[in-house]
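**Q** With chain A held as given, fit chain B onto it using these hints.
Here is what each chain is made of, one letter per residue.
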Amino acid sequence: MMNIPLSITSTIHDWLFSIMPEGAATFTEWILIATAYLALFAVAGLYLVLLERKVAAWFQFRLGPNRVGPWGIFQTIADALKLVSKEIYSNERVDKFLFNLAPYFVIVASLMAMAVFPFSKQFQGFDINIGVFFLFAISSIGVIGLLVGGWASNNKYSLIGAMRSGLQTISYELSVGLSILTMVLLTGTLQLSEIIEVQRTGGWLIFQGHIPAVIAFMIFMIAGTAETNRAPFDLVEAESELGAGFHTEYSGMQFAYFFLAEFINMFIIASIAVVLFFGGWLSPFGITEGITWFPEVLWFVIKVFMIILLMMWFRWTFPRLRVDQLLTLEWKYLLPINMVNLVFMAIVIWLNFTL
Amino acid sequence: MSYFSDIYSGIKTLLTGMRVTGGHFVRIRSENITQQYPDNRDTLQMFERFRGEVVMPHDENNEHRCTGCQSCEIACPNGSIEIIWDRQVDPATGKKKKMIDKHIYHLSMCTMCGLCISACPTDAIVWAQNYENSVYDRSALTKVLNQPGSKLKAGIEE
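Going down the list, the sequences are from chains A and B. Quick note: the first sequence, position 185, residue 184 per numbering that gives the first Met the number 0, numbers continuous. Quick note: the second sequence, position 53, residue 52 per numbering that gives the first Met the number 0, numbers continuous.
Wrong hints could be hidden among the right ones.
Residues from chain A shown here face chain B by an in silico Cβ test under 10 angstroms; the list is partial [what the hints assert, rightly or not]:
#1 R52
#2 V54
#3 A56
#4 Q59
#5 L62
#6 W70
#7 F73
#8 F133
#9 F135
#10 M217
#11 W330
#12 I336
Derived from the structure by calculation, the hints contain no laboratory data. Just so it is clear, CB atoms sit at the ideal spot from N, CA and C, and this is done for glycine as well.
Chain A on its own, in the form it takes in the complex (with noise of 0.2 angstroms):
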């Protein structure tokens, strides 16, 4: 058995140290992680698109696109090379610099936020001792985005649309941030790495701590589809009663950044679900802990590729809420019970019922 270790960024790194002097090889290191995100951002998003109408399909009676290439998938490129094609404009009475800034600040967080991910034992962008902590305030900004987006486009219907996802966002960050709060607890610190750590010699997180652990996650993850302005939380962009919400005025290449951007999120949520609960880049009982050569990446993507189509079932089973029914979710359902569950896993710990 080939026991090689598949240590590509080592090997870059002397490679480039190598050939160049030490400031223009560290310059180049950046581009290229910086090259490798944006690839990520671009790819992730095209195929993520094409896995939601194809899902979609599926738990509807018919089959995707499957035209455009066997199983459709060239239909995203096609797609993008229309919306790259279409005319930007705008009407003379928007806020010319705002309208244009909006979908910048949506597409900044998310690249932010996907930098401190753990994908392989490798493969983390920027492994601060704070992870947890810089992934939950970067969350935030993506909803100065959505706002600035609403006001600027001048047009009522927009800014009702932008309203209603503020309001949304910031209710539900809270029952976010408690869950993760509530794993926090079982491991003891915030870097992302050492997390995965601790379920690499105990067991993923949701064994762990078990009934407040999947409580924990329960409400993980209706709060994070709710973050991330999806069905059955998506009256932001009801697309039967507001025309598209907050992006109806956007047209081509700038719909499909906040089009992506939504989809990136997606991919977000369901990473820090995967990292926190699930075990990260690791594999189940550890059955390829021994194969050194094996990309670890692979685990981590089926993994969050699991939790992306739970998040798609859930759009495709549930009706849409109306916002007071959201905020009554929010305010009185999960915030108690997450409280509660708060408490609940400090005294399992304490007591040492954790398995």
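**A** Same frame as chain A, now just chain B:
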């Protein structure tokens, strides 16, 4: 205390819903209802009440059932039917009666409402099942429904 029973019944209904859609997802191969047109053109059949275009069926002696009464022309809401008729001497009885020369049907203007078919007292016109009606030349959409040399079937006018 209905708080907890609300939560419990809520979770139960959510899981029931998810089981229904999950069932669709795993059984997609057998339950798929998409027709892969145009690959299945050979075997594709429409349902019985499909409204393709209006045709006048002729039997093996090249006879149709249209008496030229113009009920369909009057019933059509936008004038897609024109009847060209004449009073001629009927060879069988020797008396002058109204006979149809041409039944012109403009498929380009037809709204597929079916009023002409319900108005016809002798069931001369019916719906056809063909769905591929597009042509390159618009004049091909103006059709004459009765075939050349055909005549009225005997015994229809009782």
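**Q** Hint by hint, say whether it matches the structure.
**A** Results of checking the hints against the structure:
Taking 10 angstroms as the C-beta cut-off, the interface hint given for A:R52 is violated, the closest approach to chain B being about 13 angstroms. At a threshold of 10 angstroms, the smallest CB-CB gap from A:V54 to chain B is about 8 angstroms, leaving the interface hint in force. With a least beta-carbon distance of about 8 angstroms to chain B, the hint placing A:A56 at the interface is held under the 10 angstroms criterion. Hint status for A:Q59: holds, given a least beta-carbon distance of 7 angstroms to chain B, under 10 angstroms.
A hinted interface residue such as A:L62 counts as satisfied when its beta carbon comes closer than 10 angstroms to some beta carbon of chain B; here the least separation is about 5 angstroms, so the hint holds. Look at A:W70: its Cβ only gets to about 13 angstroms from chain B, farther than 10 angstroms, so that hint breaks. Proximity of A:F73 to chain B is violated relative to the hint, the smallest CB-CB distance being about 18 angstroms (cut-off 10 angstroms). The beta carbon of A:F133 comes no nearer than 33 angstroms to any beta carbon in chain B, farther than 10 angstroms, and the hint placing it at the interface is violated.
For A:F135, the shortest C-beta to C-beta distance to chain B is roughly 26 angstroms, which exceeds 10 angstroms, and the interface hint is violated. Checking A:M217 against chain B by beta carbon gives a least distance of about 8 angstroms; that is within 10 angstroms, so the hint holds. The beta carbon of A:W330 comes no nearer than 13 angstroms to any beta carbon in chain B, farther than 10 angstroms, and the hint placing it at the interface is violated. With a least beta-carbon distance of about 8 angstroms to chain B, the hint placing A:I336 at the interface is held under the 10 angstroms criterion.
Hint compliance for this structure: hints 1, 6, 7, 8, 9 and 11 are not met, and every other hint is.
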